[in-house]
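*Asks:* Let the sequences and hints guide you as you build the complete structure.
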Amino acid sequence: MAVVARARGAQSLHAQPRARRRQGFTLLELLVVLLIIALLAGYVGPKLFGEVGKARSKTAASQMKGIGSALDRYRLDTGHYPAGDAGLAALMTNQGNTPGWDGPYMSSAIPNDPWGKPYNYRVPGENGKDYDLFTYGADGKPGGTGEDADIFAK
Numbered sequence: 363m364a365v366v367a368r369a370r371g372a373q374s375l376h377a378q379p380r381a382r383r384r385q386g387f388t389l390l391e392l393l394v395v396l397l398i399i400a401l402l403a404g405y406v407g408p409k410l411f412g413e414v415g416k417a418r419s420k421t422a423a424s425q426m427k428g429i430g431s432a433l434d435r436y437r438l439d440t441g442h443y444p445a446g447d448a449g450l451a452a453l454m455t456n457q458g459n460t461p462g463w464d465g466p467y468m469s470s471a472i473p474n475d476p477w478g479k480p481y482n483y484r485v486p487g488e489n490g491k492d493y494d495l496f497t498y499g500a501d502g503k504p505g506g507t508g509e510d511a512d513i514f515a516k
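The numbering of the sequence shown is my numbering, which starts it at 363 and goes up by one.
These are calculated hints, taken from the structure and not from any lab test.
Watch out, some of these pointers could steer you wrong.
[Said to hold, decoys possible] No farther apart than 25 Å at their CA atoms in a straight line, the calculated lysine-lysine pairs in the BS3-like style are these: (1) Lys409 / Lys420; (2) Lys416 / Lys516; (3) Lys479 / Lys420; (4) Lys416 / Lys427; (5) Lys503 / Lys516; (6) Lys503 / Lys491; (7) Lys479 / Lys427; (8) Lys516 / Lys409; (9) Lys503 / Lys479; (10) Lys503 / Lys427; (11) Lys516 / Lys491; (12) Lys416 / Lys503; (13) Lys491 / Lys479; (14) Lys427 / Lys491; (15) Lys420 / Lys516; (16) Lys491 / Lys409; (17) Lys479 / Lys416; (18) Lys420 / Lys503.
[Unchecked claim] For each label pair, taking beta carbons as the anchor points, the in silico distance ranges come out as: (19) Pro486 / Ser431: 40 to 50 Å; (20) His442 / Leu401: 52 to 62 Å; (21) Lys427 / Leu389: 31 to 41 Å; (22) Ala400 / Asp464: 56 to 66 Å; (23) Pro486 / Leu397: 57 to 67 Å; (24) Val395 / Ser424: 14 to 24 Å; (25) Lys427 / Asn456: 16 to 26 Å; (26) Lys416 / Thr388: 21 to 31 Å.
Idealized CB from N, CA, C, for every residue including glycine.
*Replies:* This is the structure in structure tokens:
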């Protein structure tokens, strides 16, 4: 008679307990988890993207404030704001040997607005202002609401 010794802790292939055979999630459990994730994404997503639009508007206002300061320094040195045809480029290079020019008036290139378009500059400005510095917002067109609203330097 041959006796086969089993190693301690080894189990027979046929004697697996029921609890060990179930390894994974049912289809229903996976669908419930996916539904919860979809609901959270539907709620959080629009709020998150709304904040991105507000951040871009604040960035535009901040950039225009810096450009406005550079325009004011230009005016102090030359006695006038850059002419409309010279535009904002006059802050970086002397356009036509302007007397008193002591620039560049910005430490780096003039940035585009947060939507990738150049800022708009006109002299004289409307409503009796010396100049207007503005962006048309996300859509790049006059008017609009929300992220598409025009933003003017103050």
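*Asks:* Evaluate each hint against the coordinates.
*Replies:* Cross-check of the supplied hints:
no., hint, in the structure
1, Lys409 / Lys420, "holds, 17 Å"
2, Lys416 / Lys516, "holds, 18 Å"
3, Lys479 / Lys420, "holds, 16 Å"
4, Lys416 / Lys427, "holds, 17 Å"
5, Lys503 / Lys516, "holds, 20 Å"
6, Lys503 / Lys491, "holds, 22 Å"
7, Lys479 / Lys427, "holds, 17 Å"
8, Lys516 / Lys409, "violated, 28 Å"
9, Lys503 / Lys479, "holds, 11 Å"
10, Lys503 / Lys427, "holds, 21 Å"
11, Lys516 / Lys491, "holds, 10 Å"
12, Lys416 / Lys503, "holds, 18 Å"
13, Lys491 / Lys479, "holds, 23 Å"
14, Lys427 / Lys491, "holds, 15 Å"
15, Lys420 / Lys516, "holds, 13 Å"
16, Lys491 / Lys409, "violated, 37 Å"
17, Lys479 / Lys416, "holds, 17 Å"
18, Lys420 / Lys503, "holds, 19 Å"
19, Pro486 / Ser431: 40 to 50 Å, "violated, 19 Å"
20, His442 / Leu401: 52 to 62 Å, "holds, 59 Å"
21, Lys427 / Leu389: 31 to 41 Å, "violated, 56 Å"
22, Ala400 / Asp464: 56 to 66 Å, "holds, 59 Å"
23, Pro486 / Leu397: 57 to 67 Å, "holds, 59 Å"
24, Val395 / Ser424: 14 to 24 Å, "violated, 42 Å"
25, Lys427 / Asn456: 16 to 26 Å, "holds, 24 Å"
26, Lys416 / Thr388: 21 to 31 Å, "violated, 43 Å"
Hint compliance for this structure: hints 8, 16, 19, 21, 24 and 26 are not met, and every other hint is.
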